[in-house]
Amino acid sequence: MIRDNAPELLEVRNLAAKIGERAILKGINLRVKAGEVHAIMGPNGSGKSTFAKVLAGHPSYEVTGGDVLFEARNLLELSPEERARAGVFLGFQYPMEVPGVSNSAFLRLIYNTVQGARGREELDPLEFDDYVREKMKLLEMDPAFLERSLNAGFSGGEKKRNEILQMALLEPKLAILDETDSGLDIDALRVVANGINKLHSADDGIVLVTHYQRLLNYIEPDYVHVMEGGRIIKTGDKSLALELESRGYDWVAKEAA
Amino acid sequence: MSAVIQNLVNQPYKHGFVTDIESDVVPKGLSEDVIRLISAKKGEPEWLLEFRLKAYRHWLTMTEPTWPNVKYPKIDFQGISYFSAPKPKKLASMDEVDPELLRTFEKLGVPMNERAALAGVAVDVIFDSVSVATTYKKKLAEVGVIFCSFSEAVKDHPELVQKYLGSVVPAGDNFYAALNSAVFTDGSFCFIPKGVRCPMELSTYFRINTQESGQFERTLIVAEDNAYVSYLEGCTAPKFDTNQLHAAVVELVTLDNAEIKYSTVQNWYAGDENGKGGIYNFVTKRGLCKGVNSKISWTQVETGSAITWKYPSCILQGDNSSGEFYSVALTNHHQQADTGTKMVHIGRNTRSKIISKGISAGFSNNSYRGLVKIGARAAGARNFSQCDSMLIGDKCGANTFPYIQVANSTAKVEHEASTSKIGEDQLFYFASRGIANEEAVSMIINGFVQDVFVHLPMEFAVEATKLLGLKLEGSVG
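Protein sequence lines, in the order shown, are assigned to chains A and B.
In our numbering, each residue's number is its place in the first sequence (first place is 1) plus 1.
In our numbering, each residue's number is its place in the second sequence (first place is 1) plus 563.
No lab work stands behind these hints, which were simulated from the structure alone.
Worth double-checking, as some hints may not be accurate.
Unchecked claim - Distance condition first, Cα-Cα at most 30 Å in a straight line; then the derived DSS-like pairs of lysine-lysine: (1) B:958 to B:1029; (2) A:19 to B:1029; (3) B:958 to B:839; (4) A:174 to A:239; (5) B:958 to A:19; (6) B:975 to B:634.
To be verified - Quick partial rundown of chain B residues pointing at chain A, CB under 8 Å, derived from the structure: (7) 963; (8) 964; (9) 965; (10) 966; (11) 984; (12) 988; (13) 989; (14) 991; (15) 994; (16) 995; (17) 998; (18) 999; (19) 1001; (20) 1005; (21) 1006; (22) 1007.
As the list claims (entries may be wrong) - Just a sample of chain B residues kept apart from chain A, beta carbon distances all over 10 Å, derived: (23) 589; (24) 757; (25) 819; (26) 839; (27) 945; (28) 996; (29) 1012.
For every residue, glycine included, the Cβ atom is placed at its ideal position computed from N, Cα and C.
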């Protein structure tokens, strides 16, 4: 939802970043206020995923210019874990498989770490078990997931549900979801999207990075941005996504040129 | 390679102190005279000297194995001193042990005296080549368990030693076993008589103290019918720039329905971060499941040594006997490990299980090498093997060399293998959930080794977990 008086969560000013010697982000500007949902669309290689990773602090990328303010703090000065504790969440396109580490132990560790950092109460294993099972209902997840190794052998859809489960536990102020819809069949897409919608409130912002319009049928964006060549070249409302679906990306690039 | 990964394994070696005790050292070099000297110093019977000389003569005809996936300069076997004992060495009780030595063991964290009592651990301590003190001998004697240094066993139970010595690892078995058979100086002996369940875990702590001395200890454990024992072995060595050779032989024998559980935490000095110095750990460990329904289980946590070359094995001779091998091998910096097991199925319905976890960091190279051999008579034999490798950083290597030979069509052999790595992306995943790198690595590693650590006795598991943490500290971060 768009509200004029909503507090500003994220302000990205002219952000540039490179990996190795290759410049990927070339001056991105974006403002996200509490309660808003932003979709970032664009062709392969336009820099969408890089943008998501840079916001979360991936060490492979070097920021070469610009500023990022998160709740008026300089986000770029924080380590990735500090960003997470401060309320930035990145939902991975390809979540890591970690054999031998039980999902429940991992979920409890991240929950308690972030709770502790925010000065809130931590939960013991039994309390946490009750708590996480409630959250799992939101995503129609079988409690058996808790006993499995973190993401190991999970199907694409199971991994994405597990990502959103982590989002539910960490209650981020800003959730950046990178291609959360990829690898999901239509039923799983509906479940995951409903979960995200239920987690979303007037206090937090969501940035959806996606190729396709179909996710936006379930999660309605307030803004749609088109990224190309490391810049946002067009911004519109949800109708822009539909237009991209029918016309492709080329016309936007031509229009912007 | 990012700065993030570079430092995780750079914890200085904590056991690298040298104890200043006068040692009785035989001059360097190896000959029949040296062997006679060692044997005479130890007041050995004639048959044992013969055993040594026979092994030595056989050794002279052998060449060093070159098939392991490790590289090192040729060892000068004439440049090694084959006998080193703390002086004086007449020790009947703990009070007589050199206080300097006790402080050494304290630094090593060896549980002795009251600590041993609380922990319920009987410790046989091997310092260089001579066993200095054995605790709890009395209590064990009450139930008929013999637990003493190898030298004492030769004196007090020669018939048992003579019966079993070399019965599992023949004197000429391989180059290093032959060398050990010729020059072994001490070790541990353990005998569990029929029907006895050893009332406590037995523990031996090995330490190499003298520069340029080799350590050649010999361990022999026999469990008679229906007997059970759990045996723990820990190893450390001080820091020297030169390489030291450790060529031990361990033989286990289980008779009908007997079980031996053998656990090792090996933290010999691994050399410095440039690969200078460190122990060459060339060890032959083998168990013979001689009786029906008998069981031998090896659990090893190998974190030290410049080079590790060992394959704790099981010969499954008795029908329905079973062998297990649980291993964690961690290499860092320039360490090399070529380790695994051999499961030789001879009897019917014999079972074996292999779980191997290799962790490589730095510039190290870590190989699993294992043989599963099913003989023609081994109807219904089963094996399951799982070999997992984990790479930390991108300058290290991991290899798996499984050998499977099946001569009986009713046998079932399964082999699974995986390779995973801890790299920037894995750590970033944890970081993006608020977890700092050190904690992430520790969680990933602990998860990785869990299937093996559950088989360690509780105390050892705690120690081993700490050890892994120390060895990897600073390799990411």
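Against the structure, the hints:
Taking the CA atoms of residue 958 of chain B and residue 1029 of chain B, the gap is near 25 Å; set against the 30 Å cutoff, the hint holds. Distance hint between residue 19 of chain A and residue 1029 of chain B is unfulfilled; the C-alpha atoms sit about 39 Å from each other, more than 30 Å. For the given pair, residue 958 of chain B sits about 18 Å from residue 839 of chain B by alpha-carbon distance, which is consistent with the 30 Å threshold. A C-alpha spacing of about 22 Å is found between residue 174 of chain A and residue 239 of chain A, which places the hinted pair at or below 30 Å, so the restraint holds.
Between residue 958 of chain B and residue 19 of chain A the CA atoms are separated by roughly 24 Å; this keeps the pair inside 30 Å, and the hint holds. With a C-alpha separation of about 35 Å, the suggested pairing of residue 975 of chain B with residue 634 of chain B is violated against the 30 Å cut-off. Below 8 Å, beta-carbon pairs count as interface contacts, and residue 963 of chain B has none with chain A, the closest being about 16 Å; its hint is therefore violated. Evaluation of the residue 964 of chain B hint against chain A yields a violated restraint, the C-beta minimum of about 22 Å exceeding 8 Å.
With its C-beta approaching chain A no nearer than about 19 Å, residue 965 of chain B sits outside the 8 Å limit, and its interface hint is violated. With 8 Å as the threshold, the beta carbon of residue 966 of chain B stays out of range of chain A, its nearest partner Cβ sitting at about 25 Å, so the hint is violated. Given the 8 Å rule on beta carbons, the hint for residue 984 of chain B is violated: about 10 Å separates it from the nearest Cβ of chain A. Because the closest C-beta pair between residue 988 of chain B and chain A is about 7 Å apart, less than 8 Å, the hint holds.
Interface hint status for residue 989 of chain B: upheld, as the beta-carbon distance to the closest one in chain A is roughly 5 Å, under 8 Å. Interface restraint check for residue 991 of chain B: the shortest CB-CB distance to chain A comes to about 5 Å, inside 8 Å, so the restraint holds. Annotation: interface hint on residue 994 of chain B holds; nearest CB of chain A at approximately 4 Å, less than 8 Å. Given hint, residue 995 of chain B at the interface with chain A, holds; its Cβ is 5 Å from that chain's nearest Cβ, closer than 8 Å.
Evaluation of the residue 998 of chain B hint against chain A yields a held restraint, the C-beta minimum of about 6 Å falling below 8 Å. A least Cβ separation of about 5 Å between residue 999 of chain B and chain A falls short of the 8 Å threshold, and the interface hint therefore holds. Because the closest C-beta pair between residue 1001 of chain B and chain A is about 11 Å apart, greater than 8 Å, the hint is violated. Below 8 Å, beta-carbon pairs count as interface contacts, and residue 1005 of chain B has none with chain A, the closest being about 10 Å; its hint is therefore violated.
Proximity of residue 1006 of chain B to chain A holds as hinted, the smallest CB-CB distance being about 6 Å (cut-off 8 Å). Interface hint status for residue 1007 of chain B: upheld, as the beta-carbon distance to the closest one in chain A is roughly 6 Å, under 8 Å. With a least CB separation of 47 Å from chain A, residue 589 of chain B remains clear of the 10 Å interface cut-off, as annotated. With a cut of 10 Å on Cβ distances, residue 757 of chain B stays outside the contact zone with chain A, its closest approach being about 40 Å.
Under the 10 Å C-beta cut-off, the non-interface status given to residue 819 of chain B relative to chain A holds; the minimum distance is some 37 Å. Every CB of chain A is more than 10 Å from the CB of residue 839 of chain B (nearest about 31 Å), matching its label as outside the interface. Remark: the non-interface label on residue 945 of chain B is consistent with the geometry, its nearest Cβ contact in chain A lying 24 Å away (cut-off 10 Å). The beta carbon of residue 996 of chain B sits about 4 Å from the closest Cβ of chain A, which is not more than 10 Å, so the claim that it is off the interface is violated.
At roughly 8 Å, the least C-beta separation between residue 1012 of chain B and chain A is not larger than 10 Å, which violates its mark as non-interface.
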